[in-house]
Every structure is written in structure tokens, then in C-alpha cells.
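K.L.:
So you can see what is in the structure, the chains are spelled out below.
2 protein chains.
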Amino acid sequence: MNEPRSSRTAYDGKLFDVVVEDWDGRDREIVVHPGSTAIVAVHDGAVVLVRQRREPARKPLLELPAGTLEGGEEPLASAQRELAEEVGLRGGRWRELGGFWTSPGFLREYMHVFLAEELEPGEAEPDEDEDVEIVRWPVAEIPERIGELEDAKTIAGLLLYLRSL
Amino acid sequence: MNEPRSSRTAYDGKLFDVVVEDWDGRDREIVVHPGSTAIVAVHDGAVVLVRQRREPARKPLLELPAGTLEGGEEPLASAQRELAEEVGLRGGRWRELGGFWTSPGFLREYMHVFLAEELEPGEAEPDEDEDVEIVRWPVAEIPERIGELEDAKTIAGLLLYLRSL
Numbered sequence: 001m002n003e004p005r006s007s008r009t010a011y012d013g014k015l016f017d018v019v020v021e022d023w024d025g026r027d028r029e030i031v032v033h034p035g036s037t038a039i040v041a042v043h044d045g046a047v048v049l050v051r052q053r054r055e056p057a058r059k060p061l062l063e064l065p066a067g068t069l070e071g072g073e074e075p076l077a078s079a080q081r082e083l084a085e086e087v088g089l090r091g092g093r094w095r096e097l098g099g100f101w102t103s104p105g106f107l108r109e110y111m112h113v114f115l116a117e118e119l120e121p122g123e124a125e126p127d128e129d130e131d132v133e134i135v136r137w138p139v140a141e142i143p144e145r146i147g148e149l150e151d152a153k154t155i156a157g158l159l160l161y162l163r164s165l
Numbered sequence: 166m167n168e169p170r171s172s173r174t175a176y177d178g179k180l181f182d183v184v185v186e187d188w189d190g191r192d193r194e195i196v197v198h199p200g201s202t203a204i205v206a207v208h209d210g211a212v213v214l215v216r217q218r219r220e221p222a223r224k225p226l227l228e229l230p231a232g233t234l235e236g237g238e239e240p241l242a243s244a245q246r247e248l249a250e251e252v253g254l255r256g257g258r259w260r261e262l263g264g265f266w267t268s269p270g271f272l273r274e275y276m277h278v279f280l281a282e283e284l285e286p287g288e289a290e291p292d293e294d295e296d297v298e299i300v301r302w303p304v305a306e307i308p309e310r311i312g313e314l315e316d317a318k319t320i321a322g323l324l325l326y327l328r329s330l
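Protein sequence lines, in the order shown, are assigned to chains X and P. Note that the working numbering numbers the first sequence so that position 10 is 10, with each residue one more than the last. Note that the working numbering numbers the second sequence so that position 79 is 244, with each residue one more than the last.
To be clear, the hints were calculated from the coordinates, so they are not data collected in a lab. Each hint should be verified, as a subset may be incorrect.
[As the list claims (entries may be wrong)] List time: in silico DMTMM-like cross-link candidates among lysine to aspartate or glutamate, alpha-carbon distance up to 25 Å:
(1) Lys179/P x Glu29/X
(2) Lys14/X x Glu55/X
(3) Lys224/P x Glu29/X
(4) Lys14/X x Glu220/P
(5) Lys14/X x Glu74/X
(6) Lys59/X x Glu235/P
[Unchecked claim] Between beta-carbon pairs, the in silico distance windows are:
(7) Leu15/X x Arg170/P: 16 to 26 Å
(8) Leu180/P x Ala124/X: 32 to 42 Å
(9) Ala10/X x Asp187/P: 34 to 44 Å
(10) Pro286/P x Glu133/X: 44 to 54 Å
(11) Glu148/X x Arg260/P: 11 to 21 Å
(12) Glu239/P x Glu120/X: 41 to 51 Å
(13) Gly92/X x Pro286/P: 47 to 57 Å
[To be verified] From chain X, some residues computed to sit far from chain P (all C-beta separations above 12 Å):
(14) Val42
(15) Glu73
(16) Glu109
(17) Glu123
(18) Ala156
Note that the coordinates shown come from a computational prediction; the quantities given were computed from them, not determined experimentally. For each residue, glycine too, the CB sits at the ideal point set by N, CA and C.
Sequences and hints are given; from them, build the entire structure.
P.N.:
The following block contains the structure:
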């Protein structure tokens, strides 16, 4: 499995494009996204989550801090930027917990998940159109609260973290 | 958080559409998908996975059997149809393990994850454009093999299953 014979852009968007690729004569309709990161940030014995309105879900969701790779950014640098902007945590020790395709039947989005520890608190700098509530779950409470989550990266990321302890 | 003020279709696709919704004067670009299911199917002490080429990832991926909700289908009925078609397992006892948004920043796709046990083997009926290899992992080997996976629903689904044991 190498490359498609040809590809045409069917939709040219701001966050993502849609391409139709010809694979051995079969058309495949694919959403093309730059890729993303999510962070399991542990600070003062608690994991830091964000609750924000999610128009695709038509309700607020509780999620790991996460963001989109911007213009050639390295995943680790992107994750560190996102965590500082969204929740104001900086520095610390980082390592990659895992990574995955978020919906690989039709979406070209690979997400890197990092664990960040020993972070230093500071000021968040949210985008003006982001209304983010920060929520802390003590690590010991994560197992009993997993059922409250409705976001794939957050379920996968927190369960990967618990297994790493 | 209720409904957008207005919505226009920016791309009308086969698997999904793209809409631009106006939420309080801000445009949100959203991929609209009918929703999907994935199945943790346990048979003869092993979980049944499928390996198939995934053009979005440009390589084959090992995943839970999964599929798209078709025209008003109930999630459980859809999951049972997919498991029979893809891997030939029918009947059995089913329950919902969980569910999640797959990439809720821009994608309206909610996935239901079911656990299926005590299944009866039979013939698979794959679509002609599906080239699916069936892979069985003994349940006892799942913990050490999670790191081989690169698909969010499969990581989340198998870890939710292990926690349920």
C-alpha cells in the first residue's frame, strides 16, 4: 500500500480539507487534518481536564487538553504550547504515552498523546473564542469516573496513563 | 447550548457531509457523519480483531470490527450486522461497554462500543471492496499488546473491556 493514483480536493476548508483519492480505481473520500496532540497533565496529584462547548456534539464535553498541529510544528512542542495556553501549566517532564488514528475509516488525523508531570503553574492564555473550564480529577478517582467521559482520546489517554502507573 | 442559528452544507459527500454552522455569529466547520459502532467480540477466549487497509492512514491497521450506522439503524442492530458480515460471528450475549465522540473538535461522529460474548461461528460476508484479515488475540495477551495498536476506538474499547473483567 503506497500512494493513490490520483487525488483531487473536493472541499478546501479552514480546519480540514476533503480529498477524493483514487486507489486502484476505487474512490476514497477522506477528511485531511494536520494531526493533533492531547495531554495527560498530572499536577498536585490530579489530572487536569477541560470542559468546553463542542458544537459537533451540541453540548459541552470533558476532555484532555488537546490541540491541532500548526504549520509544521513538532508534536511535543505543539502539546507544550497547548497546555500552557489552555491551562497555564508549563515546564515539567514529558513523555509520549501513545498515539492513534482518531477515526481511520475516513479521517486522516493522527493524534499523539503525551504525559506531562512536575509542571509549573502559571497564567493560561486561552483563545478569545475558547470558553474553557478547568476541571481536576484526583488520580485515585479516575478509575471510578471513566464512565462519565464521552470523548475517545480522553478515555484512551487516561486508561493508558493508569496502565503506566 | 442548543442549536445553531443557521447551517449550510459546504460539501455533500457519500460517507459524510461538511456543514458550516453559525453559533452566535461564529462559523463552525463540522464533518457530519451518521455515527458508528465497534465491537469487542470475545470468542474461544480471544478477542477478534480485523486488519484492513486504511487509505486515510496509508497503511493497514488492526482494529475492532466496526461500521457505520445505515439509514436509521439502531446501534445494537448495526453492530450485530457488522460483526456477522465482517467476521461471521452471530447470536450471543451483547451489552454496551461505552460510547464516545471520535474527534469532537470538528467531527460529529458518535461511536457506540459493544461487548459480544457466547457467539456462534459462521460464514463472513464481507463487502467486495473489503479485504479483511481476521486476527485473534487471546484475552490474556491484550495487556502486553495494547502498544501495538494505533486506532483510538480499539485502544479505548479493549481497555474498557479489560476494566470490566
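K.L.:
Hints first: check each against the structure and report whether it holds.
P.N.:
How the hints compare with the structure:
1. Lys179/P x Glu29/X: Roughly 8 Å between the alpha carbons, so the hint for Lys179/P and Glu29/X holds.
2. Lys14/X x Glu55/X: Answer holds: Lys14/X to Glu55/X is near 16 Å, not above 25 Å.
3. Lys224/P x Glu29/X: Holds - the C-alpha atoms of Glu29/X and Lys224/P are around 16 Å apart, at most 25 Å.
4. Lys14/X x Glu220/P: holds, 22 Å
5. Lys14/X x Glu74/X: Distance ~20 Å between Lys14/X and Glu74/X Cα, so the pair holds.
6. Lys59/X x Glu235/P: This hinted pair holds, its Cα atoms lying about 24 Å apart.
7. Leu15/X x Arg170/P: 16 to 26 Å: holds, 20 Å
8. Leu180/P x Ala124/X: 32 to 42 Å: holds, 37 Å
9. Ala10/X x Asp187/P: 34 to 44 Å: The hinted range 34 to 44 Å is violated for Ala10/X and Asp187/P, with Cβ atoms some 23 Å apart.
10. Pro286/P x Glu133/X: 44 to 54 Å: holds, 49 Å
11. Glu148/X x Arg260/P: 11 to 21 Å: holds, 19 Å
12. Glu239/P x Glu120/X: 41 to 51 Å: holds, 49 Å
13. Gly92/X x Pro286/P: 47 to 57 Å: 50 Å Cβ-Cβ, so the 47 to 57 Å window holds.
14. Val42: holds, 18 Å
15. Glu73: holds, 16 Å
16. Glu109: Glu109/X not clear of chain P: closest Cβ-Cβ about 6 Å, inside 12 Å.
17. Glu123: holds, 24 Å
18. Ala156: violated, 4 Å
Checked against the numbered hints given earlier, the structure breaks hints 9, 16 and 18 and satisfies all the rest.
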